[in-house]
Structure formats: structure tokens, C-alpha cells
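So the sequences go chain by chain: A, B and C. In this text, residue positions in the first sequence follow our numbering: the first is 106, and each later residue adds one. In this text, residue positions in the second sequence follow our numbering: the first is 216, and each later residue adds one. In this text, residue positions in the third sequence follow our numbering: the first is 4, and each later residue adds one.
Simulated from the structure, these hints should not be mistaken for laboratory data. Since we're looking at a predicted model, the values are computed, not measured. Among the hints, a few may not be true.
[Claimed, not checked] Computed cross-link-like contacts, DSS-like style, restricted to lysine-lysine with a CA-CA straight-line distance of at most 30 Å:
(1) B:227 / B:298
(2) C:19 / B:298
(3) B:479 / B:502
(4) A:256 / C:19
(5) B:463 / B:402
(6) B:227 / B:398
(7) B:451 / B:464
(8) B:302 / C:19
(9) A:256 / A:135
(10) B:398 / B:502
(11) A:135 / C:19
(12) B:246 / B:402
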Amino acid sequence: MYEIRIHSRGGQGGVTAARMLALAAFHDGKYATACPFYGAERRGAPVVSYVRIDDHPIRVYSQIRSPDLVVILDTSVMDVVDVFHGLKPDGKVIMNATGTREVSGHVTYAVDLTGIALSLNLVIAGSPILNTPVLGALAKLEIISMDSAKKAISDMFSDDRNTRAAEAAYQELVL
Amino acid sequence: MTEIPKEEYILKCTSACAGCPSSIALRYVLKAAGPETVLVVPACCTSVIQGAYPNTAMNVPVYNVAFAAAAACASGMSEAYRKAGRKTHVIVYAGDGGTVDIGIQALSGALERETDFLYICYDNEAYGNTGMQRSGSTPAGARTTTTPGGKIHAKKDLDGIVAAHNPPYMATACVAYPQDIFKKVRKALSIRGPSFIHILAPCPPGWRFSSDMTIEMGKLAVRSGMWILYEREHGKVSINGVSKAALKKPLPLEEYLAPQGRFKGISQQAIDSLISQRDRVAQRLLKEDEGIC
Amino acid sequence: MLTIATGNKAVAAAVKEARPEVVAAYPITPQTEIVEQIAEYVASGELDCRYIPVESEHSAMAACIGASATGVRTFTATSSHGLMYMHEMVNWAAGARLPIVMANVNRALGPGWNVWAEHTDSLQERDTGWLQVYVSTVQEAYDATIMAFRIAEHRDVLLPVMINLDGFVLSHSMQRLETLHPGDFIPPVNLPHAIDTANPAGYGTLTGPDDYFRFRWDIERSMRRSVGVIAETEQEFADRFGRSFGPAQEYRCEDADVLVIAMGTLAKEAEVAIDRLRDEGIRAGSLRIRWLRPFPELDLDGRDLVVIDRDYSFGFGGILAQSLKSRYRVDPYSVIAGLGGQEVTFDDIASFVRERKPGEERWFGVSDDV
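Kindly produce the complete structure, drawing on both the sequences and the hints.
This is the structure in C-alpha cells:
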């Protein structure tokens, strides 16, 4: 079972990202669950969502303690939340950032999701949309296939800029 | 003059008190509505009047429901019938407690949703079924078992509340004028959407007057201007002739209050409150009737 | 069709297939998605139904009662405080023998405000005459909702059915879902006591002690008969659609020395704990109670029991543990866990089994010092 924890802020689409990731894994023929942890659903509050992907039905509902991958849609949450808590020693990190931020002991991939969203003018109510480009980054790490990522995105959004954003993130992320 | 049908939908086996105004009113309501009607009745005197299982004194289906739930239950019933293409009249027949107090939220919701139904509040100005406790509809000065010194607060303006929802048809009526009840129910049922009729129901044991005086008490209420007969159709008010005449020259309030035991020893303050409320309502309606506002 | 959905969306999708004619509902977290989705189905024409946006849960159930009394299929959904506010009408629906189906998304009761999973809300309705089923996956939420209509409307039952799913943990979790077309699996509603203006009757009139008593007995008789109706319905569902559940679902119970008994998602999580315990050589099994009303017949003889209650009856005990105790004369280790959405992992559940003390009660995660 592969376990992913997504950190974001309310309104940034972390919950939808988790759902699309599960949907993409499902399109890959796998079992997947997406469980958001809901707090007070305020805009801007730190939000965590969980995705589990497996070849067998998943029976676990509790929060992910030892993720294989941590996705950080907004690095500002790192100031208030220990985003690396429990991350497996060989666990990886995807971070919405330019360049690379120093993260001790974990393989970290930086990709400028915000920049990609802004360049495509993917903005809702003043906030760049991060949840569709991040699927491209996840596909680059082969957690899901790019075909399924695109299918999952188009299942939920009709605007094709979303799939283009995912493609851009796929291109931009350097392994 | 309107011919009132001979068919009876209340059989001669009710368990109503002698001189009961609510069963008089219901008799004419059902004559106007006819057999393709379902009555929805929350906890009120009519819960008892209709008789006990396995008997019923009603010749239309009666759906009894919890105190606060009548308007909502009727909403569901009306939607189900309309979806099935049936025109069955859905009529709530509720007391003042079930309307102005515990049931007001459901009534407000049903009016706002433009439920196709008729809501009738028969108002005996207290909780009759539990032995005459005050309701929001009890007038100032009236003694009830929970206002032994006379009610301090004024009667709630139910019609004002209903009017604020702007239903296509609303009216007041009084058991002393059965033909008026009949006509207003007919009109209400001919209009699509929510309609509302507020019937004054002078209650012999509750108001403490003799059982043969029900009709007389109703007439005194109207002639003293304490109860004004009118209808508001698509926002336009028209006051009944009898009330117009009464408002020009109302009977002294004393003539209405004196026969009622519930007002025995009423304070001057309460009398002033009754008069000022009567005049306020009258002036508002007269202005509306003349099209001033 | 194979897809992926949340527990809430699965319930709504099942309701769409069951084709109710009237849905009356009021939103409440975490149930809102169900009624939003149904409103959407109605607006788009996918579901030919009257959606009544009532002003309260009390009115939601009252409107369902009024509609159902005319003989049509009805549905509503609620949660927590909504269910509490509806309580009077929940009783009324069962007493009036109306086959209303309701989804309750289990959530804790305030104060303090807490939107997370707990079973105390629906368990407070356990004596109302409603059938109650607790589900543990998105698929099961869907399947149970489809079956609920058929069971409720069965002539031998004619009682309302409540489907319970854990707030957020299941209501907002996305999992694989296979939708289906029930076809004639749910026959048309045929309510023998539907209101008939050609044959006027009084419904719910004043009823004296003898008749009232008889009506109560009749509810109990139907509740007992529902056991067979549920079994027959689930069997036919399994034959036609390939999935079966049962009144309680066993996992590795055959040779088990100790059983973990729970409801909802905690019981699913327990299966993972069972696998861990088996690896350690502890012969454990998981028994997930699905139908709480009618209460299932269980074979508990000779095993240790660890009962996890995501609920509590103050001054008495865990409601499931106490129910099993009184019904089967057993002496379980009663663990109170998961109230208000408290996190309970499979590791925690495994530790309950390892540290079990039959006859004792433990409040997980609290100590007496506080």
C-alpha cells in the first residue's frame, strides 16, 4: 500500500487533489481511497488529506501516520504543521516551490505549481488552482499514469487548461 | 346567495363540547371543500372532536400529526398529490397554539415554499385541548390557567406574520358567519398556491360564557371591532360589509368583554391595550382597503 | 458501472436508482452532500421527484410522513443535531407504519460543536421502531440504501429504515463504487393503508390503551418478521448483483478465541488489526454488527469479546456492549473509543485485544488523573 499525505490550506483544493489522485489511481486499475481530515472548513486554515493506493481493497480509515509521500501545496503551512511527521525514511516529498528547499533527509522534488497556474491564468476567486497541476507532478513520480491523471482531471473539470497545467508540471518536475 | 350543500362531512357523533365553535366552523369548511379533501390535524381540540379509534366522526380522511408538524406534513402530502396529477385539497385545520406558537416555523416554511394547500387556524385564543392555558393568541387581560391574573402581553399578530409571506389568498372569518366561511374556503381552494384563513372561535368553556352563546359571542367580537372580517387577495384587502359598518361605529368594548368570564376583573391597563391594538389593526386594514398603502 | 465516489455521493446515487417521488430534507454537516446531490439530480431531470427544501429537520420528517401517507416512496437524510431535532417525527413515522428511508451520517452531539463521527446520535433513536443498518464502505452504503427501500416497503415490514454511515470517515471518503440498475429488485410501493378519499379514515386518532397496545405489538411483530425479509432481500441482492453482507459480517471468526465487535468503519479497520494479531499467533476475528434493529442473532459462545463502542449511555455503559451483555449473557471487555471523531487505528484496536480484561470498561485515551 502506498500512502500519500497532502498538506494545503483551506480553499487551495487539497481535498479535490486527493480525490482526483484516488480517481486517477482507480483509472489505473488500482484500489484507492481519499480521506480528507476535516477541521473547521475555513479558507486559509491548514488542511490535510490522505490518499491510499493499493492492489487490494483498502480497509484502513485512520489517518496516515507513516506516509510514503508528502505533498505540500503551500509551503507556508510548514511554519505551523510538522509536515514531515512520520514520513518513512525512504519517503519522498513534492513541494510547490521554485528551486529546491532544504529538507533534511528526504528526497524532495520542487515544482512551481503556483507559477504554472498563474501562467495559464488558472485562478479562482483570486487563488491559483494547484490541484490539477499537482497531478502531473504525481504522474512524473509514477504514482499514477499521466493518462489516468488527465482522465481524472477531465472527469472533474471541463476547462482544458487544467490538463495543460498537469502536463506543464510533468515537464517541469526534474527527477 | 350561495347555496350551501346539504352533504355533511362531520357526522353526528363528535366528542365536541356543547356549543363548540371549531366543529361549527369545520362543518362549513368541509361543505365548501367537498369529499376530495384530506384534513391534516395537529394536536388541538379537533384531535379529540373527531372521535376515538376505531371510530371517526369525519367523512373525509383525517391525518393526525404531531403538534409542530401540520404545515410540513401537508407540504409533503400536497407535493405527492400534485406530482401524481391529483387535485385533492390538502387542508390543515389547526388551533391557535399549533399555529401561532409551536407550529409557526413550519407554517412560515410552507408559505415561503408556496405549498399548494389551505391552512386554517381556528383561534379560540388559548390552549383548549389541555384545559385553557395561555397561547400567543390570548388577548391582553384574559385569564387563563397560566395567566390567573390576566394576560399581560398583547395577542400575537398572526395575520400580519402571514401577510408578510404574501400568500395569494388570506382571509379572516368567524363562526358567527358560516356563509362567509363557506365562501372564503371556496375561494381559497380555487386559488393555486398557499392560502390561509384565520377563524375566530369563541369557546364557551375557555372564554367562560354559556354554551348557547357561541354565535352571539362571535357577533359581538365582530361588532365591537375586536375581530375584523376581511380578505387579502393577491395583496389587495377588502373588508367585509359587516366589519366596515362595525368599524365606523363599534359597539362599546364592554359589551364584548362583560359576558366573558375570562375578562372578569380586567384592569384598565389591559382594556387600553385591547383598544389600542384593535384601533391599530383597524386603521391599517381600512387604509389597505381604501388602497392607501 | 464502476466508478469512484464518496459515501455521501453513493447514498445519493442509490436514491436516484430507487426513484422516490418526494424527498424532503434539510442540510447539516456532514450529510449536506447527499441532499445537494439529490437536488442536483432533480434539477437536471435525472430524478423525477419533488424535492421539498424544508425549513427544519422536524419538518423534513413531517413532510416525508405526509407524502408517504399518500402511498409514494420518500427519502430524507440527516445527521446528529438534525436527527435529534427530528426525534419526535422519527417516532411518528414508525408508529404510522410508513416505509420512509433515511440516511443518517453519524456525528457527535454538542456541546461543544463537533462534526466528526460518533454513533450516539442514531443509537438514541434505537427504540423508535426504525430498522437500523450501519455500513462500513462506500459500496455498502450504496447497496444498503437500495435494499432499504425494498425492506421498508415489504408488506411484512412497513417500517422505516435508517442507513447509518460514519461522518467524514465514510461520508467524505472516496472509494471504488459499482453502481447498478435495480430494475424490478425494488417493486412499486403498495401501501395498504395509503390515504384514500373514496374510503375516508382517521389516521392516528385518539387510541385507547388496548388498541394502542395492540399497535405496539404489531410494530414488534413486523420488526421480528423483518429478520426474514432482510435475509431474503440480501439473498436476492447477492444472486442478482453479486454482493452479500448479512446481519453481521464475520472476518476470520471461524476458529477465533477472541472477537472484536464494532460497527461502521471502526469494524472495517479492525480487520487489519485481526491480520496483525493472527501474525502474532493470537486467534482473533472481527464481527461487524450491521443491523442493530432488528438485533442480530449471534454465536458468541466460548470466546472472549472486545466490544468497541463509538457511543455511550452515561451512567450505564457502551450501548453495544450493554446490548450484547443483556442479550447473550456475555462479559465483554468494553472499550469506549472514537467519540467525537477520536482517532482509533488498527494498532490501537490490536492493543485492545492484547490488553483485554473481560468484564471491564476502558475509555480509550483518557486517564483518571485528568
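Which earlier hints can't be squared with this structure? 1 and 3
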